[in-house]
Amino acid sequence: DQQVKQNSPSLSVQEGRISILNCDYTNSMFDYFLWYKKYPAEGPTFLISISSIKDKNEDGRFTVFLNKSAKHLSLHIVPSQPGDSAVYFCAATFRNSGNTPLVFGKGTRLSVIA
Amino acid sequence: GAVVSQHPSRVICKSGTSVKIECRSLDFQATTMFWYRQFPKQSLMLMATSNEGSKATYEQGVEKDKFLINHASLTLSTLTVTSAHPEDSSFYICSARDDDGGWGTGELFFGEGSRLTVL
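Just so you know, the protein sequences line up as chains A and B, in that order. For my numbering, add 428 to where a residue sits in the first sequence, where the first one is 1. For my numbering, add 243 to where a residue sits in the second sequence, where the first one is 1.
Here chain B stands alone, though its shape is the one from the complex (with noise of 0.2 Å):
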């Protein structure tokens, strides 16, 4: 099946560095991503919406200067967590919609998650 791959897994980085995560849609194309994030015992919560070759739509109260997202390919969306601060710790998934396919069975796909943890 459809395989979307997400990296880092992990990352730990210290208060004022930025981190770059890469979602990868591994054997189909995307021209949508979405970005979501997790806080511990909430929901999975949308950032942003990435569109290869144009600008990611942000969800309100998600600052677009801090969470910088490039999808420069159908096959690549990085989020780039800039000045990272501890309150940035969390869980990020990205998830992908197959171009070719269509809601019949669900195809929004999703990656493995990265954990950021800053000190």
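Only chain A is shown next, with the shape it has when bound in the complex (with noise of 0.2 Å):
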């Protein structure tokens, strides 16, 4: 029973333009998202997250929207480079229960064509 869902394997989008990965969550419990980005054989890099108690956060050209009731995250990129074209993971977690590990989605990989 995946916890974290990723529908979207991948994603080609022309530079300059939005990309828009999605993220869907099963378990209410979760309060605290977040986006990594992984290049191959590299460990994942943190991007951005946000708590359950709001519904947008934005880092430079980077916001992640949390809509709780849908259950639903999603990351926008704006404008879309090329250096952004990696793996994208979606993770969640319960902020207040001590010392949890992340629950990942599958992933999507971006491709950012110049």
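Since the hints were made in silico from the structure, they are not lab data. No experiment lies behind these values; they were computed from the predicted model shown. Don't take each hint at face value.
BS3-like mimics (lysine-lysine), calculated; alpha carbons at most 25 Å apart, straight line [unchecked claim]:
| id | chain 1 | residue 1 | chain 2 | residue 2 |
| --- | --- | --- | --- | --- |
| 1 | A | Lys433 | A | Lys496 |
| 2 | B | Lys284 | A | Lys534 |
| 3 | A | Lys482 | A | Lys499 |
| 4 | A | Lys484 | A | Lys496 |
| 5 | B | Lys284 | A | Lys433 |
| 6 | B | Lys309 | B | Lys298 |
Each of the two chains sits in its own frame; use the hints to bring them together as a complex.
Written as structure tokens, this is what we have:
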């Protein structure tokens, strides 16, 4: 039973356009969500996060939106750049429950075409 | 920023041998570290939670006798794949949380990963 789902395995976007990566979760107890970027043969690097008490968090070109009622979050990258090409993982956790790990989605491979 | 170092980055071994992977937090203390495994085109799957000074907590389906975890200090956790077989070939990634940090900026730092190939 996958608690965090990224239903699009891949996405191609033209340079300069917006990239929208989607993520759905099933466990309503999750209260903190994160996006990680991963290059091949490297560990994930943190991009941006959002607490369940917010519905939007913005950091430069990256914005994460959270819709709790729909159990859905999305990562927007504007404008997209070729260097953004990577696999993006959505992750969720229970922040207030001690040292709990992250639950990851399967990832979406983003290709930004110049 | 905080750094987690993982070693070795690549290892090739013969079937039946054991392989040890180290995960170190370089500039922070981590009471808890997590070990993940990633198969090609798959997600990061949590294998176990490593706790300094106590036994690791394994996820369902992960053999604790095969994947030995030792967290002997606040900066080092090791994963030993015992009697490795070709099906153990995978990308293993550790992550560590800064004991002094919070969740405000996603303080779960990942190592670079270790590619294990069992022949």
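Tested hints:
Distance hint between lysine 433 of chain A and lysine 496 of chain A is fulfilled; the C-alpha atoms sit about 15 Å from each other, no more than 25 Å. With a CA separation close to 8 Å, the supplied pair lysine 284 of chain B and lysine 534 of chain A stays within the 25 Å bound. With a C-alpha separation of about 13 Å, the suggested pair lysine 482 of chain A and lysine 499 of chain A falls inside the 25 Å cut-off, and the hint holds. Annotation: proposed proximity of lysine 484 of chain A to lysine 496 of chain A holds, straight-line Cα distance about 11 Å (limit 25 Å).
Straight-line distance between C-alpha atoms of lysine 284 of chain B and lysine 433 of chain A comes to about 14 Å, which keeps the hinted pair within the 25 Å bound. Of the supplied pair hints, the one linking lysine 309 of chain B and lysine 298 of chain B holds, its CA atoms being roughly 14 Å apart against a limit of 25 Å.
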